[in-house]
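Each residue of the sequence shown is one higher than the last, beginning at 1 in the UniProt record's numbering.
Don't take every hint at face value.
[What the hints assert, rightly or not] In silico DSS-like links for lysine-lysine, alpha-carbon gap of 30 Å or less:
id: 1; residue 1: 42; residue 2: 31
id: 2; residue 1: 79; residue 2: 89
id: 3; residue 1: 50; residue 2: 89
id: 4; residue 1: 79; residue 2: 49
id: 5; residue 1: 31; residue 2: 50
id: 6; residue 1: 79; residue 2: 42
id: 7; residue 1: 79; residue 2: 12
id: 8; residue 1: 49; residue 2: 89
id: 9; residue 1: 89; residue 2: 31
id: 10; residue 1: 50; residue 2: 90
id: 11; residue 1: 50; residue 2: 84
id: 12; residue 1: 84; residue 2: 49
id: 13; residue 1: 90; residue 2: 12
id: 14; residue 1: 31; residue 2: 49
id: 15; residue 1: 49; residue 2: 82
FYI, nobody ran anything at the bench for these hints, they're computed from the structure.
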Amino acid sequence: IPQDIYLYWGVKNSSLLYEDEELLELSLNNKNLHYIPVIEDKSEEWIGKKGTVLDAVMEDFTDLAHFDIYVCGPFMMAKTAKEKLIEEKKAKSEQMFADAFAYV
Numbered sequence: 001i002p003q004d005i006y007l008y009w010g011v012k013n014s015s016l017l018y019e020d021e022e023l024l025e026l027s028l029n030n031k032n033l034h035y036i037p038v039i040e041d042k043s044e045e046w047i048g049k050k051g052t053v054l055d056a057v058m059e060d061f062t063d064l065a066h067f068d069i070y071v072c073g074p075f076m077m078a079k080t081a082k083e084k085l086i087e088e089k090k091a092k093s094e095q096m097f098a099d100a101f102a103y104v
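The whole structure should be built from the sequences, with the hints applied where relevant.
Laid out in structure tokens, this is it:
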């Protein structure tokens, strides 16, 4: 795949990153795959991103108009992500995908 892929994975704490090493290795071996784990527990000793995936994406990108975006997670989180990314990061609704979008 020639385009860059950004995989954000949000969990409460680092013990829940059950395929972390494999995903890190995949990203190291594939220059266009960017694996970004995000830990919600801000008290945990963690050198990576902290907070929510939505917070991390909002911080990392200024314009998502040319991205296909796949959202996984609870329905209301997916709805909030869709709204914020469209309103604040120029994401296009027709380029956003989630099973939750059928219900929210």
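Exercise. Within 30 Å, alpha carbon to alpha carbon, are residue 49 and residue 82?
Worked result: holds (21 Å)
Problem set entry | Hinted pair residue 79 and residue 12, Cα distance within 30 Å | holds (20 Å)
Exercise. Regarding the pair residue 50 and residue 90, is the alpha-carbon distance no greater than 30 Å?
Worked result: Satisfied, since the Cα-Cα distance of roughly 24 Å is no more than 30 Å.
Exercise. Hey, residue 89 versus residue 31, does the alpha-carbon distance stay inside 30 Å?
Worked result: holds (24 Å)
For this session: Sort out whether residue 89 lies within 30 Å of residue 79, counting only the CA atoms.
Result: It holds: about 15 Å lies between the C-alpha atoms, which stays within 30 Å.
For this session: Please work out if residue 50 and residue 84 have their alpha carbons no farther apart than 30 Å.
Result: Judged against 30 Å, a Cα distance of about 19 Å means the pair holds.
For this session: For the pair we were handed, residue 90 and residue 12, check the Cα-Cα distance against 30 Å.
Result: holds (28 Å)
Problem set entry | Given hint residue 49 paired with residue 79 - CA-CA distance at most 30 Å | OK: residue 79 and residue 49 at ~22 Å, within 30 Å.
For this session: Quickly compare the C-alpha distance for residue 49 and residue 89 to 30 Å and report which way the hint goes.
Result: Between residue 49 and residue 89 the Cα gap is close to 19 Å, so the pair holds against 30 Å.
Exercise. Does residue 79 pair with residue 42 here, judged by a C-alpha cut-off of 30 Å?
Worked result: Distance of about 24 Å is within 30 Å: holds.
Problem set entry | Hinted pair residue 31 and residue 50, Cα distance within 30 Å | Cα-Cα ~23 Å, so holds.
For this session: Mind checking the alpha carbons of residue 84 and residue 49 for me, to see if they're no more than 30 Å apart?
Result: holds (19 Å)
Figure legend: structure checked against the earlier numbered hints; every hint is met.
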